[in-house]
Amino acid sequence: MICLIILIVFYLVGIFGPVVAGMFGISPYTFDSNAISDLGGKPYGAFGGISLAHPLGVEWGTGRDIFAQLLFGLRISLIISTTATLLTVTIGVLIGIIAGYAGGITDSLLGRLMDLILAFPFLLIVLALSGVLTQRLTDLGVPEGNVSRVLYLILVMSVFGWPYLARIVRGQVLSLREREFVEAAVSMGASRRRILFTEILPNLWAPILVYATLTLPSYIGLEAALSFLNVGVLPPDTTFGAMLANSVTYFNVVPTYLFIPGTVLVILVVSFNLFGDSLRDALDPKGGH
Amino acid sequence: MTTETGEILRVSDLRTYFPVRSHALIPRVIGQVKAVDGVSFQVGSAETLGLVGESGSGKTTVARSVLMLVRPTSGQIVIDGQEITHLSPKALMPMRRKAQMIFQDPYNALNPRHTVGGIIGAPYRIQGIEPPGGVRAAVQALMERVGLNPEHYNRYPNEFSGGQRQRIGIARAIALRPKLIVCDEPVSALDVSIQAQIINLLRDLQQEFGLSYLFVAHDLAVVRQISHRVAVMYLGHLMEMAPRETIYAAPLHPYTHSLLSAVPIPDPKLQKERSRIMLEGDLPSPINPPSGCVFRTRCFQAQERCSVEVPPLIEVAPGHQVACHFPVATLPAGIETALATLENQPGVPVRRPQPAGDQVSSAQLDRLPADGRPDSTPVRPKVRVGRSR
Ligand SMILES: Nc1ncnc2c1ncn2[C@@H]1O[C@H](COP(=O)(O)OP(=O)(O)OP(=O)(O)O)[C@@H](O)[C@H]1O
Ligand code: SF4
Ligand SMILES: [Mg+2]
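For the record, the sequence lines run as chains A and B. Using this note's numbering, you'd call the opening residue of the first sequence number 2 and step up by one each time. Using this note's numbering, you'd call the opening residue of the second sequence number 1133 and step up by one each time.
Hints in this document: simulated from the structure, not taken from any laboratory. C-beta atoms are modelled at their ideal positions from N, C-alpha and C, and glycine is treated no differently. Please note that the accuracy of each hint is not assured.
Stated by the list, open to error - Covered by chain B, per the in silico footprint, the following chain A stretches (three or more residues, Cβ under 8 Å): (1) 176 to 185; (2) 200 to 209.
Claimed, not checked - Example chain B residues on the side facing chain A (calculated, C-beta under 10 Å, incomplete): (3) V1152; (4) G1170; (5) S1172; (6) P1221; (7) P1226; (8) Q1232; (9) L1242; (10) R1245; (11) A1254; (12) P1255; (13) A1273; (14) E1276; (15) L1308; (16) R1309; (17) A1328; (18) V1395.
Said to hold, decoys possible - Here are the in silico distance ranges between beta carbons for each label pair: (19) B:P1151 <-> A:T107: 15 to 25 Å; (20) B:P1221 <-> A:L230: 45 to 55 Å; (21) A:E179 <-> B:H1155: 31 to 41 Å.
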């Protein structure tokens, strides 16, 4: 359960990131020309300019504080991955239940739709449509810039992510609806609604929860990858991926610049995965019969 | 609305077919499983009709059809004077209070995510009934009545043993004070010692509430302990139906004879010596049943007439109906001893439903500790007809 504590800390830091930064007297947006050399913008000092004023060093060229960037980046990463996970789970559960319970032609059509989405070359589509769709969102009234870029990320992750969960849920519903307790509810006159939400859904929470805790870290990683590929947020805002993308250029000179966000990312993702695994272990034996 | 005959259930020419679909891209109906194919019977008030037959004979399908859990293909089902097969789900609601079901598998019949209180209280909530004193009080009274500790109201099914779970299922079934309970092999998943307790409980409840049971079982031994009348089913058809004494003492149908000779005798020596009627081969497919008499492919009496002419179900004596061209009057050797030992079998008290004198009160039913230990659930014995030589 250490991973749970780590996750809680991460979320707290994510939520209160600006406060923490304020406490250290740092900001991700402030340029510090004193921390870098005038020529080429190389940070003064060892390990990328680690000093009392900048505990994890400063960014090459601008002198912006790395620790503050991490705090703010974590915030955006968590917003994106958490929202996208919630959306994915909602869509996946809803469609999975409908497909599994309705059966027949509805099930077949939804099944084909899932096949179609899973067969799409995800990365290609996301990269290709990024410009057009972000513009579209702006046209629809979403504030320009990073807000619509973040929204775009959330939407594509959810749209391409739900079929996996929907398939799991559909399979579960198929087997659950054959169980005799569902038949018992029908024999008492239960409505379709009651059967779905009172009889079947409570038996789905365990797999849904486990799936969600495993999806979230994959979305954090995905967001980093997409930011790396320039689909993510634009400076001066930043995320793990953006920081990593930035750092590659300077790797030979200042390796810490790559390692610091990289390590934090790994800790975050591994904690989530461990948490998901232990959750599965805790829920599984009770779930069956 | 009770008819003057005191009849609770009347099933007339019930047929329930399941479509068989091809596995092509666009599935097509390529045949029908004739799970129930022209079955008629009735169940009187406070009466138990036992329904027996080997696996796949269509007993569960009859039970599910009676409660409209599967829509019958044709035929009538009259519950307490009302024909129900044409009713919409909404119009079925009042009927659902009159007829309930107890299921075979106590592990599957209770939602693992609901508490016992939620499970037994579900009938009230679904039907929108507020029992006097509230749902909780009513549920705890029911728990007490079926031999469960009312303090276990908030426990989950996995904390109970198989026998206790079946009691939960029984409490749920009697919650709405139904007139008819369809029991689909309610004890076949339980330990032999627990079987007797459950059967006693069912019999006591019948006395107390005047319940009628349609009691499904796959062998004649269990049915003998509770039924007033017994119906024997094979491949979707009724083969024989008679009062309990007659079925065991003077059966006429060859299939009933073979079922009787398969009733296990607890004494291994007697079991070895008795003669057995062994059925050849397997149950034919209900998709393509044999012509004429459906039993003819495995019948030791079969003659040419059996393959051309369907034997009608004829009343040969008051209350005794048989569907066979060549009924067998003599009992298979050894069956008397078999039945006699059954009567004396410890742990399975064979009690007549009447008179009411020798009832065991539910308080005497031992309360099992709710320690979450499941009963050792034996593999469900299949009917021994066939196969073994
Ligand atoms: N939903 C269904 N769809 C298709 N076929 C079915 C369905 N339910 C039952 N059948 C078929 O109908 C026949 C009768 O089944 P049923 O379950 O009624 O038999 P049973 O007498 O209850 O057997 P058992 O002792 O194994 O419970 C079987 O051949 C079975 O495969
Ligand atoms: S009708 Fe013929 S085949 Fe059918 S049970 Fe009677 S004797 Fe056997
Ligand atoms: Mg059955």
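Taking the least C-beta to C-beta distance, is B:P1226 closer than 10 Å to chain A? With a minimum Cβ separation of about 9 Å from chain A (threshold 10 Å), the hint on B:P1226 holds.
Establish whether the coverage given for the segment 176 to 185 of chain A by chain B is satisfied; the threshold is a Cβ-Cβ distance below 8 Å, and no fewer than three residues must meet it. holds (count 5)
So, as I understand it, the hint says B:A1273 touches chain A; can you test that by seeing if any CB pair is closer than 10 Å? With Cβ-Cβ at 19 Å, over 10 Å, it is violated.
Satisfaction of the B:A1254 interface hint, Cβ to chain A closer than 10 Å: Since the shortest Cβ distance to chain A is 6 Å, the answer is holds.
For the restraint on B:V1152, tell me whether the closest CB of chain A is nearer than 10 Å. B:V1152 check fails; min Cβ-Cβ to chain A is 16 Å, beyond 10 Å.
Quick check: do three or more residues in the segment 200 to 209 of chain A have a beta carbon closer than 8 Å to a beta carbon of chain B? It holds, with 4 qualifying residues against the three required.
If you take the shortest Cβ to Cβ gap from B:L1242 to chain A, is it below 10 Å? With a minimum Cβ separation of about 6 Å from chain A (threshold 10 Å), the hint on B:L1242 holds.
Can the hint on B:G1170 be confirmed by a CB-to-CB distance to chain A that is less than 10 Å? Violated, because the Cβ-Cβ distance from B:G1170 to chain A comes to roughly 24 Å (cut-off 10 Å).
Against chain A, with CB atoms and a cut of 10 Å, does the hint on B:P1255 hold up? holds, 5 Å
Hint status (Cβ of B:E1276 to nearest Cβ of chain A, threshold 10 Å): violated, 21 Å
Hint validation: B:S1172 versus chain A, beta carbon distance must be below 10 Å. Holds or violated? violated, 22 Å
Between B:P1151 and A:T107, does the C-beta distance stay in 15 to 25 Å? holds, 18 Å
The structure does not agree with the numbered hints 3, 4, 5, 13, 14, 16, 17, 18, 21 stated previously, though it agrees with the rest.
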